[in-house]
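**Q** Chains X and S, in that order, give the protein sequences. With the working numbering, you'll find the first sequence wraps up at 442, consecutive numbering, no jumps. With the working numbering, you'll find the second sequence wraps up at 537, consecutive numbering, no jumps.
Everything labelled a hint here was simulated from the structure, so no lab data went into it. Careful, some of the hints might be misleading.
So the derived label-pair ranges between C-beta atoms look like this [what the hints assert, rightly or not]: (1) 266/S - 385/X: 42 to 48 Å; (2) 181/X - 346/S: 55 to 61 Å; (3) 346/S - 157/X: 57 to 63 Å.
The C-beta atom is built at its ideal place from N, Cα and C for all residues, glycine as well.
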Amino acid sequence: MSSNGIQHQLILDGEEVNFSAGETLYEIAERHRKEIPTLCYDPRLEPFGACRLCVVELEGARNPVASCTTKATAGMVVKTQSEPVEKYRKTLLEMVVSENREVEVDPLRGYASQELGKLTDRYQARTGRFKGAQSGQLHATDDNPFIFRDYDLCISCNRCVRVCAEQEGDHAIAAMGRGFHKQITTEFNGLLKDSSCTFCGQCVQTCPTGALADKKALRAAELPEPLQKTRSVCPYCGVGCSVDLLSKGEKLVGIHPAMDGPANEGALCVKGQFAFDFVQHTDRLSMPMVRGDDGELHETDWDTALDRAADGFAKTLKKHGRHSIYGIASGRTPSEANYTMQQFIRRGYGTHYIDNCSRA
Amino acid sequence: MSNPLSDMDKPDVIFCIGTNMTECHPVAATRIKKALKRGAKMIVADPRKIQLAEMADVYLPIRVGSDVALLLAMAHVIVRDDLHDHAFIEERTLDADQFLEHLSEFTPEWASTITEVPAADIEKAAKLYGAGDKGAIYYTLGITEHICGVDNVQSLCNLALLTGNLGREGTGINPMRGQNNIQGAGDVGAIPSNYPGFQKVDDPESKAKFEALYGREMDGERGITKVKALNLCGSEIFAMLIDGENTVVSDPDRKHCEHALSSLDHLVVIDIFLTETAQMADVVFPASAFAETDGVCTNTERRVQRLRQAVPPPGEAKPDWWIICQLAKRLGFEGFEYESAKDIFNELCSISPIYTGLDWDRIDKSEYQWPAPEEGHPGTPILHENEFTNGRGLFKLVRYRDPAETISEAFPVWLTTGRRLQAYHTRTQTGRSAGIDYLLSEESLEIHPEDVDAWGLQDREFCRLSSARGSVEVRVRATNRSPRGTVFTSFSFNDVPVNILTGSGYDPITDTAELKVCPVRVEALDKSESDAAG
Ligand code: SF4
Ligand code: SF4
Ligand code: FES
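Just chain S, same shape as in the assembly (with noise of 0.2 Å):
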């Protein structure tokens, strides 16, 4: 997040896409409520009506895979209206005319035929944003998880840079993460572009820097993403260490997942539990757990908080960082001497550049937000206050694409994906605590009543649910929340592994997963079958 969590209740325009923060983030989403009460106004745009949905000034249900036409069409309202900000434009940014030219073509009645929803509306939802002194975007994975995912935050930014809704109280760009510390897996530099504290692999300076360290030679080009290392199980890689991750069930097409690790030579898996990923190890390492284990993490609004012990582990359960550096010295390599996690946090701190005013005590009672750049610096809770990381601030051309896959005579209804409030990715946590499953015990299919009808369904009865990778059977529950055409579920569980249907396409710069649109086939089972499921 650009800015910090306190500052969610400050907006006068608070514009919601892709989040459905009411369930995924719920203690952020009361912020809103705050602010709403204080006056605020809200735009909305999901395909689903989601309680967001209900408390939004304006919704926009819009298709899914829909959102870069929109945020076109808002800008070019905002700059046919005259709602720009002239000023930070000149001041902050680079190269805004031609971004502004290129945005005349973008007519909101343009959108309207790919969005599905009304000119007017956009129109409505443009000038409420732009009108704002205030206006800050708060977006989850129904931005990212699109093949545009990287043209949808562009698209974000210049609606941001355009209206000068950044560096200060109350704006910004503000992604709401989805797990504790996959800010912090990001900041350390478990990602195939940069190393700790994001200095790029492929800039010569902190390659000169790292191999110093190392006392090795690195490569000079960056890693391959995951995605990439899946496909190529078998015939170029060859061994994985995975740690905490259940790749099988949270990855897309889990078949090809399946597939790519069982073509390893040799799989090493760090847990605490024996996921299905697990299962297919050749060595199982037992983890300690949250309330067992001294740590750092950072959240989404990159503050850099503690985990303490509180709890032993059971048995022979070791802390991560311990398993992964016996291994290490195992195979010889050098520089895993650590005797602690303030050890390894301290040496983080002293590489990295956005955690060099950090140490392990420093941090101690929550206080910093990364970054720090210097010994005594207080941290910075809203980022681009003066100026951008590179200077001024760039517009992107971006234009609009169709998803990897459309709907068809095969597949007519788009089916997309996310999370529900009581339970948590793969349910690994959350299946096992006593109680949840009293609030939600099983997967369901969210379809609109009419659908229901319409295709021939009975709600709560099991339907089968087809893409052209696969097919799962799930529970329908007819609910006004999906538009007509378009079906919802989780992926939380894994006797309904709706990874077998996802996986159509892939951004071409950071290799998300398309997990928001997959066009779907939806039936009803005949009764022989339907007995079987129940």
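Bound conformation, chain X alone (with noise of 0.2 Å):
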């Protein structure tokens, strides 16, 4: 609904339907399920419409018009799907399909990565054209651990360079050159290190063909098992951004933003995006521990460990009463640990010895 509520019609795919002031026909069709493929869009991004896969048939039109462009006016009649329109798409999808090295690639690679090969199929483009897989001119001087540069597949769509620039206001990538000589590169073409880059990953999530990817996933190609999505949260700073936490088996693989998570809506920092190591990292405790005779800590089993607990707590409370005992939560943990902790501490002793380190 536009600000000023004023609803206007059009005519789509033969239904009569209503919009407000400044939808354009993309975004109309969207709500009324039509599946317009696209490339270069981005829900998240100002419309860029470069790709031209979004074309609908207007009414009085020479032309077919880039839907995700195109404002809505009151009175058009738009076709979304006919023939025409789809024998365009295909063509321009054979155009696309046979410039690059491979469509199909790993999902690893990132959110959007899936997008190009999803069209192919769909419209049948696959040409015979392409070359198949090869390695391709990654720029393999780019050591960085994060980001794979694959410009091979990369069709100029510009959704990374938008990404940073409008989500976030980064601008530490460039398209230079035009048409097919076109190339997305950093400020000065160097290194992403050495640009104003900060590894926050949206660029890879965005890119529709995986030429943009994300290094640290990709570890875990081989891996045959599936790969699960599971939604949570990212584990450092307080913004709480949604994540999609991916796995392979037991292993943790990689990490998506949730596009629909309403702190974050679709972006990640270099923390919440790349930083997961940590959790399966060797140097993880799998045992409970506790201090020897000969001072140093054992691992030992869970009664062991919880008896010996217990029994200090418990010698505790009887030589220096229920005010000598004290616990100390975190900001880290889970709600659950912190409920359980005040509980043990207020239940178990009356008294509310407990803090959490949000003074430190």
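The task is to assemble the complex, starting from two chains supplied on their own in separate frames and drawing on the hints.
**A** What follows is the structure, encoded as structure tokens:
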């Protein structure tokens, strides 16, 4: 609904539909579950109108128009799936595909990496002309551990450049050159590390072909198990970005930003995006430990450790009373941990000798 | 935060004070960048020329610990120029006259002598904030980690009350919390002053409620803070249960902390790594981590969100709640018969007024921001829309106080501490994630280039940084981010234990440590020392 709330009408695939001022044909069609293909479109970004895959037939217009950039006006008659536009889309796709080394890429590359492949299947646009898997010209000199720059797969949709500028406000990357020679590059065509890039991974996640890819997730490309997604929340700062945990079998392999996460709406920072290896690090504690007579900590079973821990609290209570026992909870553990901690102290000892780390 | 994150691109005037948001809360900062693009104006007050400062319309490089002086003078100008919101003050606040009068002595000229910022810039900032229709304040630990942390926060509240910048979209007083569930820890009662849901422990009604619930007598007065407890280790406190906190590295005055924990008869630590703190324990329990646990956490905008398990924990590691319950049961405590995180969360909702309208299933889609005081309540994105918690807003008559320690001949330089984008807290997590070292492999001390020369230091070489409590060696980084006479480092690297230096004082009300201000001396190492350090 627009702010003035006035509704207008147009005809969409033979049906009269309402819209409000400012809406694009694509937005209206989306609302009515029309499946218009797109490549350069990302709903979070200003429409760009480069790939022309989203064309629709508009009565009275000589050529099909890009629905993502065309604002609706009252009385328009629009066809989203007519034969001519479908054909036009297929031809466009075939051109794109013929330029690329591969269209089927590992979904570990990024959130949107399957878009081109899926459309290619939908339009049966494999020309057989593409060269098949080859190593391609990677930006091999960029040794950054996070982002794989595989520009053979770039289709110049500019989503990466736009997400960086519009969402991140960082302007770390730019498009250089024009037409077929266009390349996505950094300021001065150098390493990302030397640009203003913060490694937030936003460009990786919006790339529709996998040309920018998640290097860390790709470490798990060879694992045979199916890729699972589990919705959770970033373990770091208080913004509380929603993430999808990527796992294969028992292995945590990567993180996707949740596009519908209320706090982040698809954004993440370098920590939330890439700093997850701590979870399955070999330093993780896997067994309870108790201090032995030799003064060292030794691994033991739960029963022994729990008894020892309980015994120490029982003795302290006896010797020094209720106000000699203190609990410290954490701002990084779930609320259930904090709740049981405070209940342990309150219910167990009747005191309020409980705090958390917010003071430090 | 009084307002939701999604509000952050809506203000006309943004006032960021003591927050290095682009590094500490990057995703929130992207919203500010959008607001600026839309034409919003921004005031930034920070001793360091952080990235936000470069985007600001008015930048106030205040001396560390001088925030109250700045905020008093801004309020002074707003009243002097009649930019305050008379209607709001009349309808929503109490005892404003006294406050307006209190302000009369705090001129920008006076504040300028304390903050070391030109009076004209203070005027500019005040007029900008005062004239905006929607003014929003954002702050972080740069406001709270002072002996006057409470005064700082109250000064911000005063400003917002004065200008009616509360209870509406795009306004508010918005602390950005530093840890993913630090809000939740307070919500659920892991604090000495409140039962779950901010029910005061010294309120007879709450006491009676929980005595009935627990079937035991409860103390009617507040507990002591962690800072006090650490002071009393070995004299009054003899046993501690610490869950998920690396006290030794994250708390100020490390030697004191180590001494405190080692004078306990019994220390039990639950954690995911054998942290410096866990290494001192008698018993260490292995906990499951992020991605291995189901649970709930509450973000900085009071949004209650679910954490979900994707992979199994290593070996025999268990959820924190399970470990605590097992221990409680062995001690014969009642009420720890939970089967799941869901059971616990639902019990929390049933006894906590701010969560009454929530339960485990209802928060599945992260839609709710507390308070949700009754069944069917949609949650509360914006606080104080019609009324403050205690009815009317109260102005506080705050005065400026010097930091606990001020610079002297022996310690002539201000040290301020904070976080960096690529490292988090004590790096138990980011330090163990592949690739993060590529971006940030070691600590450094940020010093203004002219100070580097004046103090006989070399960029990229090690120097010695000393306070009244100890000294550390750290690599010098010459940068204009630091003003002359003030240096900065983070507390994330254990090989540069900055918390050996800090801990000069505590806020008398909250016991929050003055981590943001510490007088130090910076010296070059002599040749043999620097070889050893390198
Ligand atoms: S990682 Fe983020 S900052 Fe770096 S180029 Fe991509 S979008 Fe821009
Ligand atoms: S992704 Fe970054 S901004 Fe978002 S919650 Fe995590 S640490 Fe905070
Ligand atoms: S999606 Fe509309 S032009 Fe690319």
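**Q** A separate judgement is required for each hint: does it hold in the structure or not?
**A** We went through each hint and held it up to the structure:
1. Checking the proposed 42 to 48 Å range against residue 266/S and residue 385/X shows it is violated: the Cβ atoms sit about 29 Å from each other.
2. In this structure, residue 181/X and residue 346/S meet the distance hint of 55 to 61 Å, their C-beta atoms being roughly 56 Å apart.
3. One distance hint, 57 to 63 Å for the beta-carbon pair residue 346/S and residue 157/X, holds here, with the actual separation near 59 Å.
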